[in-house]
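Chemist: So the protein sequences, as listed, match chains A and B.
According to numbering that gives the first Met the number 0, the first sequence is numbered sequentially starting from 0.
According to numbering that gives the first Met the number 0, the second sequence is numbered sequentially starting from 0.
One or more of the hints may lead you astray.
Unchecked claim - Here are some chain A residues the structure puts well away from chain B; computed CB gaps all over 10 Å:
#: 1; residue: L41
#: 2; residue: V45
#: 3; residue: L64
#: 4; residue: Q148
#: 5; residue: A166
#: 6; residue: E178
#: 7; residue: A182
#: 8; residue: L193
#: 9; residue: A199
#: 10; residue: T397
#: 11; residue: Q417
#: 12; residue: F449
Unchecked claim - In silico lysine to aspartate or glutamate, DMTMM-like type, Cα no more than 20 Å apart, as pairs:
#: 13; chain 1: B; residue 1: K155; chain 2: B; residue 2: E220
#: 14; chain 1: A; residue 1: K446; chain 2: B; residue 2: D396
#: 15; chain 1: B; residue 1: K155; chain 2: A; residue 2: D250
#: 16; chain 1: B; residue 1: K155; chain 2: A; residue 2: E416
#: 17; chain 1: B; residue 1: K155; chain 2: A; residue 2: E331
#: 18; chain 1: B; residue 1: K155; chain 2: A; residue 2: D415
Stated by the list, open to error - Here's a subset of chain B near chain A, in silico, CB distances under 7 Å, partners left out:
#: 19; residue: F63
#: 20; residue: V161
#: 21; residue: S171
#: 22; residue: M173
#: 23; residue: I180
#: 24; residue: G186
#: 25; residue: L526
Hint data in this document are derived by calculation from the structure and do not stem from the laboratory.
Bear in mind that the values here come from a model prediction, so they are computed numbers and not experimental data.
Glycine included, every Cβ here is placed at the ideal spot set by N, Cα and C.
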Amino acid sequence: MSSPVIWIIIPAAMGLLLWFLRSRQPLSLILAAIVCFILSVLAAVVPIGEVVNLGGLSFTLPSTLPVLGRRFVLTAGDQMILVLLYGLGAVWFALAPMAWPHRLFPSFGLGMLAALTAALAVEPFLYAALLVETAVLFSIPILSPPGRQVGQGLQRYMIFQTLAVPAILFAGWLLGVAEANPADTAMFQRAGILLGLGFAFWLGVFPFYNWLPMMMAETHPFPAGYVLSLLPTAILLLGLDFINSIGFLGDSATLFYVVRIIGVLMVVTAGLWAAFQVNLARVFGYAVIFETGFALLAISLNTLSGWMLFAAAFLPRLMGLLVFAFALAVLENQGIPLTLEGIRGLAHRYPLTAFGLLAAVLSIGGFPLLAGLPVRLEIFEQLATISRTSLIGAGLGTAGFLFSGMHLLSELIHSDEQEWRMLENWPARVILISGCLLLLAFGLFPKTFFQSILFILQAFPQLF
Amino acid sequence: MLAILPLALLVTTALAVYILRYLPRGTGYAWLTAVLMALITWGGVLALNWYEPQELVITPWRPFDPENADAIRLGWDSIAWMYAFSLISAELAVLMTAAARLRLNSNPATWAANLFIAAAGIAAVLAQTPLALLLAWVILDVLDLLVVMRLSSGWKYTSSGVMAFVVRTISSFMLISALAIQRVDGGPLTFDTMLPQASLLVLLSIGLRLGLLPLNTPYSEDIPFQRGLISFIRLAAHTAGLAALARFPQAGVPAAWQLPLYIVTVFAILHGSVMWLTARNEIQGRPYWLLVLSGLSFICVLQGQPLASLAWGLVMVTSGMGLFLYSARTRGLIVLPLLGALALSGLPFTPAASGWAGLVTIPLNMGELIIILSIAMLLVGYVRHGTRLAEDFNELDGWVRGIYPFGLVLVVLSGWLAAVFGLPGGINARQWLPAILTTALAATIGVISWWFASGGMAFLSANTWPVKLLRGAGQFLAQSHRLSWFYDFLWLIYRGLRQLVRFATVLFEGEGGMMWAFVLLALLITLLSGRGVF
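This is chain B alone, in the form it adopts within the complex (with noise of 0.2 Å):
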């Protein structure tokens, strides 16, 4: 039961926040409450790196077949030890800096969700077995419609979560299919033994809820004002697809399929370092900051080096969350978002630095210059999202100012402890040229945007021609890549078959419908008799 202690600490600590919130000065004692049992969970997680617990197994899950019958297994790998410290280190930043957005919608109900959707988040990490992933999935999927749900102001930000939703459920049925087609050969789906369909299926599905296969975006126009919370369960929700890669075997990828997805992955890649780059701030260009790190872990994968991913997945966390609860912001605290740039570069023995094995070999093919471009856009709009002027950090109460550091501090310098500890082989310096080539590209950009253009690095947002040209190029890629010819041709399905039904309700509604019942009875009793049925 020692696996699950953390995710029951977190959910206990929820429910509490939650009631605090009626007492009086509740919001004072919730806010304490909440930051100290998470960082009581965060140091208990962090122990576990040292002592693994034994799994939690529920065999068989449902009293059918026993013998085949899926496995809810959760356990503390190394891999899910990692994404579960990033999330918890995630989650405590949260409610660390949660008193500098007080006045944007931070309140003990937030905090209390936080707290759920990190159990929720880091069970999902745990699930060692496809049936736990999918339960821990949709639980992660139906808490973020809730979320949505209730923060919206109008129906144009919730229909977004109907979307995400949609997607998602899509995603996992696909995980239900691949559970069905591996029973073909007659085992439980695990993810060590799968059939090549089921596999790809597997693979899709992960694609698809990372906002990949195909293209998909969602939440392009976010809930605005909500840095801690919203920005939690989107990192939370790729993190859970994430962890499932890691766990992908080596050779798991059907190898006919290889090079379609890495083609598509790799323009879905550009097409969010364009976006990213060129976003107002990096709240708007979150969705692409998910998106091109999510897709450099699924490049890992689709090479064969899936625990390569883990890099990638890491800095998405740590050094993505740094940023995005960055918004009181001051000279003396530039150091933060230069620490977390500084962990995306992947230079030797920084936190990324073991990334590149699943990404490039030397020599370097036409979709590894882009992977490169595409980090060292990534790097260039980490460090202009990180230096924009933005709310004064001054202005914050003292006890604020004496608190919000520390969060960021603790999220930034978790993504080094957990790539120390966690990542296999730690931070080394065994692909160095990549890394500094991207960097000295990301150099380039930065510089020339700063020298040669008024307004330093802030001409990336503004209405000038680079902006527009990079912009078109991204849209171009993302209308290539978003299927929409696809998409129409669905929709035409659709109408075609909405016709085809009203015309046969019609029809079997109608005065003559019991006649045409038994006209269909006839039709079929030919057809199986032609068959040989009869």
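Chain A with its partners taken away, still in its complex shape (with noise of 0.2 Å):
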């Protein structure tokens, strides 16, 4: 037994497993949860790689499994990645049974964990491009599950991820290739350039993200919101990854000087687009591109605190999504069109309802009080001392996003009624007020909460 088994393995034939349980939908989600969180405690209380004594039983658990020459490696280092991404799952599978309850969910969900978690433990890196595109092929029957129509932005999401595979790939070759040849510096320079290209597709970096509101409205929210909390999450460890193994791109002032113009441009597109969106789905889909436009603008800092930056801000960014959707299942259940005419006057009747979105995407947008704030102010002050160019699109960025949060509240609450109901049901209304009050104590007290997650930076010490 070792690692890549308990993480990748065991997660992958439960997926196989629920796929046979797929007709008791609470039965297998529940099962989902518990895996992952068991998973998920596994990873925060096991160590790998040291002797574990457990009462008599002395053993220890090994990092590596070599498969057909290849390895997957999970170490010590890879721990609180593993904790975030099952935790991840735990919470999302467990919320299903109230915001979408299909079959498909658990079986195909865990799937997408174990491909991505194996995609961030092989070696060579390059079969992660393979990896990764197992975890999209296992994402599609959730966005579109049978008997639903499949939309256009659906198919520029399968064929954006498709697109990265061979850039991915030839990056990988063109490596291997500089690498015999330390001296060819244009070979490391296209290389570095395929691999980007294959990043900016898998992330839906600008120029190539406008699938994620296409497909945000062809699809209910919630499993979108599944894929694209834990899609990019993985894909952006993968990339520190990169950064951290492969020296030259680490050393490019080149790539940082890019990325934060790529950021830049994430921000402030995504910012101005969602300030005039009616279409709240939509703006779910800015949402995300504007949040991986601020995850590259901490990449691009390139110093210590940089790196602690994109490590926290994963904490606000999942728990804002997680809300958003959540929020956004729950309007959708009863049928609520997800525009911001159909939402007019909600706050009177779903008030929890019309808190949650308001409070997810003001977090997102960096509003005072909310988990978003601690990050985005550290942000704009480290952006300071080296661009102010950058810290103006950032800003202006931000106030186009606060715009449609401001758009929303006044939606939300326009109204004659004087009367104030809750129509919300109990176990919906335990979760929003709990996703409110967990994005205010992220706000408020963000040095108590978000100093565990900087240990995910233990995976990639050559950062720093």
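With the hints in hand, could you dock these two chains into one complex?
Modeler: Right under this line is the structure:
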């Protein structure tokens, strides 16, 4: 038994098992949540590669699993990443019975998690491209379950994600050639460009992100929220792994300059587009782009505090998107149109959903008191020291996104009704209140909550 | 932890009051608890003038770059004490007079809300760093919005709340910009160390929040019948800005900006005083009362006398609250508004006396004359609103008649108490000439209106030519000051951008969208290559 067996093979096998149990939706969702929870707890408590004494039993958990000449490696440094990924899975599967209890979600969702963990663990890294593609393929039945028409957004999602595969594979091949002849710097540059292109396709980086809002408008917000929380998180971590392990990337000032420009462009365009958006599902899409833009800005700082910001940002990002997606799912399940016109005066009937929506959007926008501010504020401050133009760009994007939040606020409470009712069911109330309180707690006490997630950086020791 | 004990007391009491209302005869218990606990807090805050507790420091607030991270500090310096004391006095007065407004939506829920707001307001005045101030401001803003949403009887009033929230959010983000800009210098932003650009942003942020820069009074159409809760939250929100103003460094205003800001503020003050003077009643005039007194405090900072702003802030809270709560009237209580007016006059040995140091220097210039005229109009308006007919005090229940005057006396006298113990230099007679001039001018306006118009000073609110003239002048000033042209320009940009975004969306999400994405990529690469990146 090795760590890749526990965190890759077992969840993949469970995914397969849950496929056979797909007719029993609540059971399979609960099982998926329990498996993810256990894997997350195990990642937090069992040290990889060290002797573990359990009563009279003593064993060591090896970190490597060789497969057909390739290796899957999950070391002690990766444990926080595993906690994050499987913790994310546990929360989404646990909430699914209230938001989107679809029969295919547990099996394919777990399959996605296993494939993405494998992508983070595989060596040589170019095989990660194939594993990410596997995860993308697993996401298709979740995003477009049988019986639902496939829209243009989903098709573009598939196309762009698939285009990343040859780019990454070519980059891997070029890197191999370049390492054989280190004097040929042009080869390194070409490899870097292809690698960048591959990640641009994967992450939905400017200008390849138009599928994001389109896809959100075509699918149920909950599964789309799951995919758009998990996939960019894993790919950002994969990107960090590449920078960590490929020496010339970390030393390249050009790379970080380009990443900063792309980050600013994403923040500005996402903020601006969100400001004029009347479809809330599409606003979710822009929120993902906006968050990715800020993640790129944190990477572009290329300093210890920049990497810390990158790691810490996962917490508010994932929490914000979770609350946003859940609130949208509550509305979608009630047949309420996900447009600004459709939610007019909603706060009088669904006050907690309204607060959830608002708290999520404002938190993503970096509103004070909420989870997003501590990270945003530090990014603004760091940007001020290196590039005023980038600071202004990030500020404009933030203003646009907050404008969308204010528009949302005004529509949610736009009513002459005097009566206040609470039409959400009890589980939804508890989840929405907890989500809002967590967003508030993260925003008020960032030191307490963000400290632990910084351990993610242990997996990337070459960065600093 | 003693530094936040009053806040903890207020929040705990608020929760208790909210729960007590569910008991049989809960309203009575809730009121008694609220008043007793507020009284204890009032005494405690008074005592803190002589015993300054240790600051509450949370540093670093966030875990990245801890050496340069902004800190949260809450402390009881003289500025904090003075504003905190005036706020807790106003809060206690609201609760003591609450029984007189039981028919007008005064209930345990609004008392609990009042106590929460008092805690948030005091937290804001205790804020010793811009980050602490930012968080306290936003708590107040959210509470304000929630209160408006809950009490509003229609979108007409709720929309004012949304507008105020938006304006204050812009103000908060200006403060965030200041925090970011300051980092160019390397260190965190504090009130003592501000780069010129950062200090300008802080100043504009406060000015916007106070409704001065540019002129904005989102609550000019306010929720009716809310003398206690709404008056208190409006005062608390302005006090939160004024406390930050008083901490502004003496030479903190960039020299190039002093004159333009001065002119804009003076016009805002003049507009506000005309509107206050001609308002139908003190509740309709409330936004202008706040505007004028905040403006006077702002002028003090522009003149490099931030501590002088305390006097005007103090009068804004105590005299203002004394008038706003004075709903049931009788001849015997006339002394209360007169005492409030005396405090406002700035005559020697009155609370506002030390405020003149920040406003005028002899010989007077044009701006200072306008300020004196504005204060005179404010004074006349105060007396007019305080002496008009309203609800009859004698119709109140016996026990209410016993407690209600004490609430009013308490808030007005607290102003004097705070001035004696809290203002730098206490109450003095150093600047008597402008005070005499102002009072004489006010008396002249009052006498003219009393003797030459039928119906005494009531003519100021009637549809007569002096009122039309005054209001017209006020509206003209407001129009020129509200930057309508600027908003029209912004609206134009908004519409243009919206068209552009729609067009681009159709382009990128249409059939040729993927091709356009690659075209953009090629364009980006070309641009970057041109700059020598590749």
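Chemist: If a hint holds in the structure, say so; if it does not, say that too.
Modeler: Cross-check of the supplied hints:
no., hint, in the structure
1, L41, "holds, 26 Å"
2, V45, "holds, 26 Å"
3, L64, "holds, 34 Å"
4, Q148, "holds, 17 Å"
5, A166, "holds, 12 Å"
6, E178, "holds, 21 Å"
7, A182, "holds, 19 Å"
8, L193, "holds, 13 Å"
9, A199, "violated, 8 Å"
10, T397, "violated, 8 Å"
11, Q417, "violated, 6 Å"
12, F449, "violated, 5 Å"
13, B/K155 x B/E220, "holds, 8 Å"
14, A/K446 x B/D396, "violated, 54 Å"
15, B/K155 x A/D250, "violated, 59 Å"
16, B/K155 x A/E416, "holds, 12 Å"
17, B/K155 x A/E331, "violated, 29 Å"
18, B/K155 x A/D415, "holds, 8 Å"
19, F63, "holds, 5 Å"
20, V161, "holds, 5 Å"
21, S171, "holds, 6 Å"
22, M173, "violated, 10 Å"
23, I180, "holds, 6 Å"
24, G186, "violated, 11 Å"
25, L526, "violated, 9 Å"
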